[in-house]
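Engineer: Can you make the complete structure from the sequences, with help from the hints?
Chains C and U are the protein sequences, given in the same order.
Residue numbering for the first sequence is 1 to 308, as defined by full-length UniProt numbering.
Residue numbering for the second sequence is 1 to 308, as defined by full-length UniProt numbering.
Hint data in this document are derived by calculation from the structure and do not stem from the laboratory.
Among the hints, a few may not be true.
Copies of the same chain look alike in the list, so a pair counts if it works inside one copy or between any two.
As the list claims (entries may be wrong) - Keeping only pairs whose Cα atoms sit at most 27 Å apart, straight-line, the calculated DSSO-like set for lysine-lysine is: (1) K112 <-> K295; (2) K152 <-> K52; (3) K185 <-> K272; (4) K10 <-> K185; (5) K169 <-> K64.
There are 2 protein chains.
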Amino acid sequence: MADLLVFGHKSPDTDTIASAMATAYLLNNAYNLNSEAVALGEPNAETAFALKHFDLAAPRVIQKADTPEVFLVDHNEASQSVDNIADVTVAGVYDHHKINFQSAAPLWFINKPLGSVATILYGEFQQAGLDIPANLAGMLASAIISDTLLLKSPTTTPMDQPALAALAKLAGIEDYEAYGLELLKAGTDLSSRTAQDLIDGDAKTFELNGQKVRIGQVNTVDVDDVFARRAELEAAMQTELSADGYDTFILVVTNILDSDSDLLVVGDNQDKVAAAFGVELTEGRASLPGVVSRKKQVVPPLTAAFEA
Amino acid sequence: MADLLVFGHKSPDTDTIASAMATAYLLNNAYNLNSEAVALGEPNAETAFALKHFDLAAPRVIQKADTPEVFLVDHNEASQSVDNIADVTVAGVYDHHKINFQSAAPLWFINKPLGSVATILYGEFQQAGLDIPANLAGMLASAIISDTLLLKSPTTTPMDQPALAALAKLAGIEDYEAYGLELLKAGTDLSSRTAQDLIDGDAKTFELNGQKVRIGQVNTVDVDDVFARRAELEAAMQTELSADGYDTFILVVTNILDSDSDLLVVGDNQDKVAAAFGVELTEGRASLPGVVSRKKQVVPPLTAAFEA
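Structural biologist: Dropping the structure here:
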């Protein structure tokens, strides 16, 4: 029985799952802790592809943290964490997002503005002088590919490519571009996913000037494929909006081959969303050429527009 | 002209000054930035002793940050930072305190629960493969000695002693215990200091359940020396309380040889302070045997008592 749970954000993506697994391994093997990587949801199709490729089991899904201390990866805000986060002590954080965090005591809090938490962890393993097992290196490489869209997202930093190249080598991936395209495409098989899963599979909640804004993102190789299911998606967004008290639900539909996105917006504040990107919404839809990063290209202009 | 100011907290202590100097050196020499270490106040007697010993000038004192980006060391809370902190972007933080921080974007935020920021920085120089100049190593060694009271404070961690030993060696300090005692004693020559300087020389403001609590600390080799000036100290505390709107002013008078402290409390909430430490206050004074660390032994019980 572990005495420290390690987990990433809700609606886990590949970086969240891989970083939780790698952090638990690092804490147990370099720092003699007794931690367990868990998840706040089932792996998405992309993560499942990577886990299968590297012959690893998905972390156990928890609803509640039941250890007195926890270690967060790939998030630091309570709204994105386990529901009972206020009842446990955060002993450490590895993250690469904006910070909204309070603690009662000093802790390990390592936040770096790099493309993925996996890139940070690659450095932490090096610093600790700990070898990364091949399958874990494969998951970390997959996480970098996923978060940076194969080093093409504007969130990519000069530290990500060397980390990816080194991790791919450790993992025995001969051509990380070829593997990366396979991985990303595995995440875009949308036909088998429900509308609920598409809007929630990679969604986060943000407080923007008092408004509760839900922002989901779907990667695809054909935006029209997604908008063919528009009525169904809008209904699911509307249902969740009412059920969870969101003011606005924004779905970012991203073409990973062209590096463009289309937005679909449901709920209040449509004027603010339009103003944020300098576009007009046509029945809640707008095209955003060149936009692929929620963190870097979607949340900051929305924050500014909601505070204007 | 630097484009990134690096500074520690108000009422700077040796760790704040040394860490700002070392961080600027690290950023400029390992990361090609153009930063300048500055301070939010003049060095105290202890820091002045260390600067003189290692033949270094004190950092320039600023009232306002005038670069768009800043780098914080040894603090992360706005209440302990430069007055116009809300107008600038925090690009990075090296700290070892509890966290109360929000940002609009990801940043470098390295917080570790070690005895001093200097200990963290020793690791950062190692990680960057950058040699530490002898005089800077002397300042960092002084910072560890200061923050851990020569490794005797309960804030001391297993990482601090090896860092101190290594830094002392780099600095050419033959016997760091002997140097450390000299350094700490240099900070306790209270006769030449005004009451205002004694209460404010190492003071921080905390919001405890809505109450504004000012906590100053004075190191001495004889507690009675300080309490001989009690009337004068209480008057200064009362004046500052009224002027700055504090609800409570607590002065922690610490005997660095015996590792004990006496409290002097002015203002409201005397019952809560008494409850926090399970003592009775006699005319605002109480003895706290074994208490030397504001961070670890004073603020946490006060926080609990104010929230009870």
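Engineer: Each hint: holds or not?
Structural biologist: How the hints compare with the structure:
1. Taking the closest pair of Cα atoms, K112 and K295 come within 27 Å of each other both inside a single copy (14 Å) and across two copies (26 Å).
2. Only within a single protomer do K152 and K52 lie at most 27 Å apart by alpha-carbon distance; the minimum there is 25 Å, versus 51 Å between protomers.
3. Taking identical chains as interchangeable, the C-alpha atoms of K185 and K272 are never at most 27 Å apart, the minima being 33 Å within one chain and 60 Å between chains.
4. For the identical chains of this complex, K10 and K185 are intra-copy neighbours only, at 22 Å inside a copy versus 53 Å across copies, given an alpha-carbon limit of 27 Å.
5. Taking the closest pair of Cα atoms, K169 and K64 never come within 27 Å of each other, the shortest separation being 37 Å inside a single copy and 49 Å across copies.
The structure fails to meet hints 3, 5 from the earlier list, while all remaining hints are met.
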